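Okay, here's what each chain looks like letter by letter:
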Amino acid sequence: MTRYVMVADLNRCVGCQTCTAACKHTNATPPGVQWRKVLDVEMGEYPNVERLFMPVGCQHCSDPPCMEVCPSTATGQRKDGIVTIDYDICIGCSYCAVACPYQARYKVETPRFAYGDQPTETEAIRFDEGRIGVAQKCTFCSDRVDAGLARGLKPGVDPDATPACANACIANALTFGDLEDPDSNVSKLLTDNTWFRMHEELGTEPGFFYLWNEK
Amino acid sequence: MNPAKFGRFGTSHQISWDWRAAANFIGGGSGSALLLFATLTAYPASPPLWAVLAGLALIGAGLACVWAEIGRPWRAFNVLFHPQTSWMTREAYVAALIFLLSVAALATGLALLAYSAGAAALLFLYCQGRILKAARGIPAWREPAVVRLIVATGLVEGCALLLLLQSAFAALQTEMLGALLVLVLLRAASWLHYRARLLASDAPQSTRRALAPAQLGLLLAGAALPLLAGGAALVLPQTVAFGVLAAIAAVLPGWHFKFLLVTRAAQVQGYALGNKLRRGHPLAQAR
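Going down the list, the protein sequences come from chains S and R. For the first sequence, the working numbering gives the first residue as 1454, with consecutive numbering after it. For the second sequence, the working numbering gives the first residue as 7, with consecutive numbering after it.
Okay, chain S solo, but in the shape it has when bound (with noise of 0.2 Å):
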């Protein structure tokens, strides 16, 4: 069995969002919407504050109340974990939005561009008519796993076959793989570290790992 996950390293992320980056320019996302973003967050009151950067979107959860919520079947989830969205399916109901705890999902009514009514060359070549009025979210660029998986490239480790987030990530701090090999890049960060999940306490078994050091 395969369960892809990612963790993020909240001791190493920096906050450049070159993932954010990375996966707008993959994933050809509109103005709005952001699969990957990285929130900046400020704790405690003065002067006993505390900084970090915290990378989130869709924790493709072992029980998705997405999917659970969904009237049309249009969210799946693959047997890697992976949790997909079936554009051609999807009614845009939005239910799945108000499902989801992490704020992962988003509907884009219309189209939008960058700069103004007219989108640039990049975006007429990428626009996609199918996501228009649909939920959408982060795939864990699935066809990036699909192709490199099919040149017998292993996900997590050969960049054409791992997430544009974590490829692109500078400070190492977003790692991909299989949490069911013991011998995987996640599961050696995952034994060797301490960490969490976000909204645990939902029962959603998120596919999302947080590494964090308490100080």
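Keep in mind that the hints were calculated from the coordinates and are not lab data. From a predicted model like this one, the values you see are computed outputs, not experimental measurements. For each residue, glycine too, the CB sits at the ideal point set by N, CA and C. Treat the hints loosely; a few may be bogus.
Covered stretches of chain S, going by a simulated chain R footprint (3 or more residues, C-beta under 8 Å) [unchecked claim]:
| # | segment |
| --- | --- |
| 1 | 1466-1474 |
| 2 | 1654-1663 |
Derived CB-CB ranges, DEER-like [unchecked claim]:
| # | chain 1 | residue 1 | chain 2 | residue 2 | range |
| --- | --- | --- | --- | --- | --- |
| 3 | R | Phe15 | S | Asp1611 | 32 to 38 Å |
| 4 | R | Ala63 | S | Thr1455 | 39 to 45 Å |
| 5 | S | Gly1569 | R | Phe15 | 29 to 35 Å |
| 6 | S | Lys1607 | R | Gly66 | 53 to 59 Å |
Based on these hints, arrange chain R on the given structure of chain S.
Below, chain R without anything else, positioned relative to chain S:
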């Protein structure tokens, strides 16, 4: 870990469902309960045509509002694909069943079909409550007590609307008025239970503030006033105005509450750091 780090941050209002979604809960809840009470009060005969048509119109108007909100309206039939787990799919099936049974009852005059439509209407109301509860991203909706509150609110609205229609088309039934007063108390109790659970939960402060007007609405305008007016109507049955006032006072706060719940109190919970740091491979811990 520093406890200060446990808190959630980045809470914002959901922008996916707006007044059109609220209209479905208002119209669907009122219409289905109206159909239910019209059936119950007509027993053993068939419910009056005007009551059935009013109930169906309200349910249909609510569903039409939702249809206007979805991004791909011409794929609306795909809503029927996931009855295994989706309460939205189940609501759609039950709605279709209500319309089919009601039309069949009107066409054949068979009271049994009308009773079946009334039973399906109660199921529709329950589906609406479960739709909200299944939205795990919104603390005000996922609170389990919301199901009881949505059902109670719908029952009050349906009963009150039937009273209003009765006052226009037929004589006002004191039994119905008595039932309304009991339901109003039931709704107030459901609200207090829901509110207590919400205040004890980790719902955002903005959610609590948004729902504050419902406290006055459901208890004062929506319970005390109907009880006073309804009590006066029971003592003075010849004065229809008291009964009408009680019904109006019962309906409006319920609609207002649903509007608040869907459009104003629907804050997402935000993000958070985990409150429990773990060490070791997750699968080893699971085993």
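The hints, checked one at a time:
1. Here's how the segment 1466-1474 of chain S fares: 0 of its residues keep a CB closer than 8 Å to some CB of chain R, so the rule of at least three is not met and the hint is violated.
2. Only residues whose beta carbon comes within less than 8 Å of a beta carbon in chain R count, and the segment 1654-1663 of chain S has 4; three or more means the coverage holds.
3. The given range of 32 to 38 Å is respected by Phe15 (chain R) and Asp1611 (chain S), whose C-beta atoms sit roughly 36 Å from each other.
4. Separation of Ala63 (chain R) from Thr1455 (chain S) is about 52 Å and departs from the stated range, judged on CB atoms against 39 to 45 Å.
5. Here the CB-CB span from Gly1569 (chain S) to Phe15 (chain R) is close to 33 Å, well matched to the stated 29 to 35 Å.
6. Roughly 55 Å separates the CB atoms of Lys1607 (chain S) and Gly66 (chain R), a value that falls within the hinted 53 to 59 Å.
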